[in-house]
Structure formats: structure tokens, C-alpha cells
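Q: Sequence:
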Amino acid sequence: MEKLNMLALIVLDVKNAFLHGELKETVHMHQPIGYRDPSHPDYMFVYCASLYMGLSKHHQLGIKDLLIMYLLLVFSNSRSDNSLFIYKKGHEMAYILLYVDDIILTASSDALRRSIMTLLGTEFSMKNLGPLNYFLGIAVTRHKGGMFLSQRKYAEDIIERAGMSSCKPTFTPVDTKPKLSVSSGDPYEDPTHFRSLAGALQYLTFTRPDISYGVQQICLHMHAPRDTHMLALKRIIRYIKGTLDHGLHHYPSSITNLVSYTDADWGGMSRYTTFNVRILRIFGR
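Heads up: the sequence shown begins at 1 in UniProt numbering, then just goes up one per residue.
In case anyone wonders, no lab produced these hints; they're calculated from the structure.
Note that the Cβ used here is the ideal one computed from N, Cα and C, for glycine as well.
Keep in mind that a hint or two might mislead.
[What the hints assert, rightly or not] Keeping only pairs whose Cα atoms sit at most 20 Å apart, straight-line, the calculated SDA-like set for lysine to any residue is:
#1 K153 to Y134
#2 K88 to K177
#3 K241 to P178
#4 K127 to S115
#5 K179 to T262
#6 K89 to L119
#7 K89 to S115
#8 K127 to M147
#9 K241 to G163
#10 K234 to F148
#11 K15 to P131
#12 K241 to D186
#13 K89 to L112
#14 K179 to T118
#15 K127 to S150
#16 K177 to Y213
#17 K241 to F171
#18 K15 to T118
#19 K179 to C219
#20 K15 to G163
#21 K234 to L112
#22 K179 to L119
#23 K177 to D102
#24 K241 to S150
#25 K234 to T262
#26 K153 to A200
#27 K153 to H249
[As the list claims (entries may be wrong)] Restraint-style ranges between C-beta atoms, simulated for each label pair:
#28 Y203 to L129: 17 to 23 Å
#29 K89 to S254: 33 to 39 Å
#30 D190 to R79: 38 to 44 Å
#31 P187 to N82: 36 to 42 Å
#32 R36 to L149: 46 to 52 Å
#33 Q216 to G185: 16 to 22 Å
#34 V46 to S254: 55 to 61 Å
#35 D227 to V259: 36 to 42 Å
#36 S183 to F206: 27 to 33 Å
#37 H40 to Q216: 54 to 60 Å
#38 D190 to V259: 22 to 28 Å
#39 H249 to A224: 35 to 41 Å
#40 R36 to K89: 52 to 58 Å
Could you build all of it, start to finish, from the sequences and the hints given here?
A: Take a look at the structure:
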């Protein structure tokens, strides 16, 4: 079995992705300023094709055409991630990760990868952006035997948005006190600001699992944040300030079992403290 070369990750961009969509329903639009008919100011435009700058419905139109292309390539949709498409035929395998009009492609052989790129290029105007270095705010750095994923720039933006660029770092993202209370403290003066920062921290957990627990705790109170919840959020940001170089290292591994450990206090929860889950082998042998 020829394994995937995970270092051969190629980024592709579909030019004018939304222009490929075909409207199957009637869509009206008010006459924009500067293009109004003085004789018929109350008239409306009727779309004949989807526009690049449109609503989420138009975005779905572009993606739909891409999905049809994948079906022609005998790609199957991943059960765990709707954005991941898998191709398997004999000993050949390929993975495509799609986000609107940005694509990450990897395959078990250069020949298969080139053939997929050629086939996509016959249907869409494609641009090869080269090896994966940056994708959706995640920087990818290759090192001996693997790669390092980092969201340092994104983390710095969160710190700046919080107005904490000059804050002092802390060594832990949460303290040892009991869990946050729903009613402790006064209501936070700017709930929208709290929710914005909490949502930004959620995306940061993609490469920073060390803050997952703290972020999960503050997200429990997004509906009615209080001063104590904001203090907990700021503690996470202070921890991030001192750990900007942290990220995820990916290495090849022959281990086919996933072993996970969790620290339970036995009084606050009654779940398993250790579990061993056998995961599906990606490549199979």
C-alpha cells in the first residue's frame, strides 16, 4: 500500500468560485444607488446568475458545483467532516479539504495528484498556490519528520482586540477555584464584546488544545456574561500572551490506538478517567 505523503499538501484556489453557480429560483434586488432608472425608480432587478458578492445562498451554489465535480471523481464525503472528500481506488488514495473556494489536496502519488488537478482545471479556473504554508489563519511550518501548525498571528489579533497588548502573562489558563457561577458578580457591561472574544478563542483551540477547557467554561455563559466570566476570559488571554509560540506538532506514527487521560475530581463528575478508543486506520493494511 502506498501511503499518503502528508508533506505534499497543495493549496488550490478556485477563481471566481461563486460565478459558477446557476440560479434555480427567482432572486430580486433593489436598484443600487447610481444605477437607478429615473423613469422607473420602483423597479427591481432579477438575477440571471449568482453574483460573487451575494448571500449565503449564493455561496452554496458555488460549492454545489464543486461537489458535483467530486462525485464525478468518485469522491466520497467524510462522515466526520462535511468539508473533507476522500477518493480511494485500489491502492490509490486522495484527500480534498474544501472551504468555499480554497482547497487543500494531497494524494498517495504525484501522478494521482496531478491528474486530479488537471481534471479540476478542465472545469474550473484553478490557481495552484503551491505547498501548504497558510490556510484559514493557520500557519504551517515543515520540520524534520512532520509539520508545525500555529495561529500566532491570530492569537496576537485576539490580544489586541481585547486591549491587552501590554498585559502580564500568566502560567495557567484557569485557576484552581470552583467552576464559574451563573450568578456571581455583576452583569458584564458589554456582552457583545465578551461573545466576540469567546468565539475568537474557540477558533484558536484548533491548534491550542491547552486552552480548550478554559474556553469551554466561559462559553457556557455567553448568553448572560458577568464580570467574573470576563475575568476568566482575560486570564486565558494573559496565558496566551505568554505562550504565543505554542501550537501543534504533527509526526508520522505507527500507533493505531488513541489513549486519552482526563483529570477527574471524583466529586464533581462521575465519568471515566481513562479510556482507550480504537480508531479507524486511515491507510489500512
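Q: Does each hint fit the structure? Answer for all of them.
A: Going down the list of hints, with the structure as the test:
no.	hint	result
1	K153 to Y134	11 Å, holds
2	K88 to K177	50 Å, violated
3	K241 to P178	24 Å, violated
4	K127 to S115	15 Å, holds
5	K179 to T262	16 Å, holds
6	K89 to L119	16 Å, holds
7	K89 to S115	14 Å, holds
8	K127 to M147	24 Å, violated
9	K241 to G163	12 Å, holds
10	K234 to F148	26 Å, violated
11	K15 to P131	18 Å, holds
12	K241 to D186	26 Å, violated
13	K89 to L112	11 Å, holds
14	K179 to T118	54 Å, violated
15	K127 to S150	25 Å, violated
16	K177 to Y213	14 Å, holds
17	K241 to F171	10 Å, holds
18	K15 to T118	15 Å, holds
19	K179 to C219	12 Å, holds
20	K15 to G163	37 Å, violated
21	K234 to L112	48 Å, violated
22	K179 to L119	54 Å, violated
23	K177 to D102	43 Å, violated
24	K241 to S150	14 Å, holds
25	K234 to T262	25 Å, violated
26	K153 to A200	13 Å, holds
27	K153 to H249	17 Å, holds
28	Y203 to L129: 17 to 23 Å	22 Å, holds
29	K89 to S254: 33 to 39 Å	25 Å, violated
30	D190 to R79: 38 to 44 Å	40 Å, holds
31	P187 to N82: 36 to 42 Å	37 Å, holds
32	R36 to L149: 46 to 52 Å	49 Å, holds
33	Q216 to G185: 16 to 22 Å	19 Å, holds
34	V46 to S254: 55 to 61 Å	59 Å, holds
35	D227 to V259: 36 to 42 Å	40 Å, holds
36	S183 to F206: 27 to 33 Å	32 Å, holds
37	H40 to Q216: 54 to 60 Å	55 Å, holds
38	D190 to V259: 22 to 28 Å	42 Å, violated
39	H249 to A224: 35 to 41 Å	38 Å, holds
40	R36 to K89: 52 to 58 Å	55 Å, holds
This entry does not satisfy hints 2, 3, 8, 10, 12, 14, 15, 20, 21, 22, 23, 25, 29, 38, going by the numbered hints stated previously.
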